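**Student:** If you're matching them up, the sequences are chains D, R and S in order. Residue 107 in our numbering sits at position 107 of the first sequence, and the numbers go up by one each step. Residue 68 in our numbering sits at position 68 of the second sequence, and the numbers go up by one each step. Residue 198 in our numbering sits at position 198 of the third sequence, and the numbers go up by one each step.
Keep in mind that the hints were calculated from the coordinates and are not lab data. Keep in mind that this is a model prediction, so the values were computed, not measured. Misleading hints may appear alongside valid ones.
Stated by the list, open to error - Selected chain S positions facing chain R (Cβ under 10 Å, derived; list incomplete):
1. Val-65
2. Ser-162
3. Gly-166
4. Phe-167
5. Ala-191
Where a beta carbon is used, it is the ideal one built from N, C-alpha and C, also for glycine.
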Amino acid sequence: MHSPSRRTSKVNLHPLEQVQIHFRGAPALCSAVAVVALALTSVGCSTGPAASAPTGPRPVTVFAAASLTAAFTEIAELAPSLDVTLNFDGSPTLVDQITSGAPADVLATADEASMQRATEAAIVAPDPTIFATNSGVLIVPKGNPAQVSGVDGSLDGTKLVVCARAVPCGATAHKIAEAAGVTLKPVSEEQKVTDVRGKVSSGEADAGIVFATDAQAAGDAVETIAVDPEKRFAARYPMTIVTEAKNPAAARAFIDLVLSEEGQAVLATHGFGAP
Amino acid sequence: MSAVSVHARVEARGLDAALDVAPGTVVALVGPNGAGKSSVLQLVGGQLQPDGGTVSVDGAVVSGPRVHVPVHRRNIAVLEQRPLLFEHLTIAENAAFGLRARGVRAAEALARAQRELDAVGCGELAGARAWEVSGGQAQRIAIARALATDPRLVLLDEPLAALDVSVAPAIRSLLRRRIRGEGRTALLVTHDAVDALTLADELAVMEAGRVLAAGPVADLLARPRTPFVADLVGVNLLAGTATGPDAIRLATGDRVVGVPADALGGGAAIASFAPASVAVHTAEPSGSPRNHLRVTVTGIEPRGSLVRLTGELSDGSRVSADLTLAASVDEGLVPGREVWLVVKAAQVALYPR
Amino acid sequence: MTLTTSARLGDGLPRWLFVPAALATLFLTVPLLGIAARVPWAEVPALLSTPSSVDALALSLLTCVVATLIALAIGLPLALVLARSDGRLAGVVRTLVTIPMVLPPVVSGLALLITFGRRGVLGAPLSVLGIEVGFSTVAVVMAQVFVAMPFLVTAVEGALRSSGSGFEGAAASLGASPSYTLRRVTLPLLAPSIASGSALTFARALGEFGATITFAGSLQGVTRTLPLEIYLLRELDTDAALALALVLIVVAALTVAVTGWFSRRTVRRRVP
Chain D
1 MHSPSRRTSK VNLHPLEQVQ IHFRGAPALC SAVAVVALAL TSVGCSTGPA
51 ASAPTGPRPV TVFAAASLTA AFTEIAELAP SLDVTLNFDG SPTLVDQITS
101 GAPADVLATA DEASMQRATE AAIVAPDPTI FATNSGVLIV PKGNPAQVSG
151 VDGSLDGTKL VVCARAVPCG ATAHKIAEAA GVTLKPVSEE QKVTDVRGKV
201 SSGEADAGIV FATDAQAAGD AVETIAVDPE KRFAARYPMT IVTEAKNPAA
251 ARAFIDLVLS EEGQAVLATH GFGAP
Chain R
1 MSAVSVHARV EARGLDAALD VAPGTVVALV GPNGAGKSSV LQLVGGQLQP
51 DGGTVSVDGA VVSGPRVHVP VHRRNIAVLE QRPLLFEHLT IAENAAFGLR
101 ARGVRAAEAL ARAQRELDAV GCGELAGARA WEVSGGQAQR IAIARALATD
151 PRLVLLDEPL AALDVSVAPA IRSLLRRRIR GEGRTALLVT HDAVDALTLA
201 DELAVMEAGR VLAAGPVADL LARPRTPFVA DLVGVNLLAG TATGPDAIRL
251 ATGDRVVGVP ADALGGGAAI ASFAPASVAV HTAEPSGSPR NHLRVTVTGI
301 EPRGSLVRLT GELSDGSRVS ADLTLAASVD EGLVPGREVW LVVKAAQVAL
351 YPR
Chain S
1 MTLTTSARLG DGLPRWLFVP AALATLFLTV PLLGIAARVP WAEVPALLST
51 PSSVDALALS LLTCVVATLI ALAIGLPLAL VLARSDGRLA GVVRTLVTIP
101 MVLPPVVSGL ALLITFGRRG VLGAPLSVLG IEVGFSTVAV VMAQVFVAMP
151 FLVTAVEGAL RSSGSGFEGA AASLGASPSY TLRRVTLPLL APSIASGSAL
201 TFARALGEFG ATITFAGSLQ GVTRTLPLEI YLLRELDTDA ALALALVLIV
251 VAALTVAVTG WFSRRTVRRR VP
């Protein structure tokens, strides 16, 4: 995602706070604002004005994989004691952003490789928690015009779209195919899982392999064909606290919230599997 | 049979022209800007289509109701101010262009082109490129290029207007030799009396989209009947009514006496005289000269070593007088001042309108 | 360009103007230098010779050449017609055909998808006939022609308009038919602007990304052109992405140089 979505659980914002949230992804501008903010209210950029009012909700900034957008936005609403600022982007991009000094308290990625890169760079705490899984599924356009029956011979001669092998959803697709003893002959290998879904939901492609969450988000436009649970090859979603977190306590509270029954229920409604 | 016959209307340009050109004749079209001279050329050349009437060349209709011979099938050469040499071709290829376009083999076309270039004095430029030659050379080459196609008619639209004054005379004499001298039929648009006199056999005077008068150049220039032709030859022209064998009365009531060039009937007549023959008086002249006209000075402008004074009669008609710079300064001649213009009767030509 | 003692530098302009001018220069050049600084030069040959890079390069060159030829075959006639037409219809057509030039690429892709896609306005009937362009190299070329051809049309039409119709008129009066005039006068005189317009078209086609990824998909050797390959590699193998980006920058620089050379050559011809 090139234009990361940012949300906050609080709607009525102090003008200064709005400015800070607005500038949060851009470190140079952010520190410029921080200088001004410091001079005015003696608060830093990522701590937020709430730090000077300890009785209000505690601020926490969460950097999360784009596939978590809907689920995390909903979870953030569950905790009135937390003032959650969310930043969504591709997992590798999030790691790059935190490495470059972006102010984050929590990192949640869609794959373990990105998280491993972050732990190796020591920008996050070393023992991430797996909080959700996302399994690969086969989707077809509404009505299944090419009459695909699953990851099997029925895919031959159809317009199958998958992610590129180097992208998590592509790796998963090929693992599923290998387990099923099928060689995929895709007509396109996309960079983004949303491009796969778009080409299936528009009917341009006959079938696609995406994550369960993407299939869920496509609603009625696609039909999901179940893959043998043994051969789903779910991606595991880890999350942990950022080393330089300004609000470690609030970060811990957010992680606990995600792992709580309530949080897991929200994740399930969006297609995620249990850890 | 006329070589060219134009009897055509073009509504959008207010043109309703009638003109016939005899074979081997060069006709100069003169008239003020917007009179329709270039439109007549475009009608003949095929760039303009008439709304009514016909245009014929050598007896065949080329433009008319349901007939329009396209430009490239008319075999009519056009020369205009800009030589329009093709920049991507050599001079020889330019001169050979018309023949090549007609399917003549390259060697033959280039040989003919070389002869035409030699005839305009540009033979040695054959290998040059169009952007390497001077303005005068370019116009010579354009002439060679046009004549290489053996056109049945040549249309010249102010071919000398864009040239340097030092170059124009040589091109003028080249055109005289190659067009008039070789008996070609041509139509020439010009604003220059010298062009008309040297290049044309006949004059067609146009005004407001119509041909007012046509005839031998010498006749029309000798007895200008329209202000434009009078300007062209540089004489004053006053229109009035004959009141005797050697006198006319102007609309202002002034009487002008002169020498009848043609016998005056009883009707409309014209008096013409050169500005150089007019004397300027700041007070009403004594000794009652026969021709004196009271005018208001409207303009004073230098003209060579002289000063040309323009005065307006009470009815708005204009008279010019040439005087020395010293005289104009001494007399304090400024616009707005009233003066008397005096011209000797022997220097006024009278003829019927 | 060589700097000599006689080379002018902002002749007659106020000195302070150099500050924003220098800022603009830096802003436009530093990112390019940034790429040059990060490119692992020693590994560039190896990075560019991987099968996926070679496929992307070959596919890009092939499709861009074809797209440019198609633009010449149909865009050049359009430019000629527009340059020699006036009136409301010509004005409307002129505006419509330049729109793809300023459209966000992803919008171009959507437009093509909705038109030529399997369920598109034209795509659906074609699909019935068994003709489907989606996910094919043809779709890549179509996307490139759609976004790049307006550059050729605009460049050539502008040149033809400003040069006027005097030369064509002269050719006609010399007996040249319209076809002969087009072949021997109009097109040769337009050669510099056709060349620079084609260079621009090629460069735009080479950089085409959004419409391709939306409309054609991304498959090595079939639809994955250089920009798509760079996009894919961007997060996975930064070095390879940078090496390929370098190729695009070099081609862009060459294109600008060729265009500039042609326009200088034209100026020299017009002003001896």
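**Student:** Now tell me if each hint is right for this structure.
**Tutor:** Hints versus structure:
1. Val-65: violated (26 Å)
2. Ser-162: Status violated, d = 14 Å.
3. Gly-166: Holds, because the Cβ-Cβ distance from Gly-166(S) to chain R comes to roughly 5 Å (cut-off 10 Å).
4. Phe-167: holds (6 Å)
5. Ala-191: Nearest chain R Cβ about 7 Å off; hint holds.
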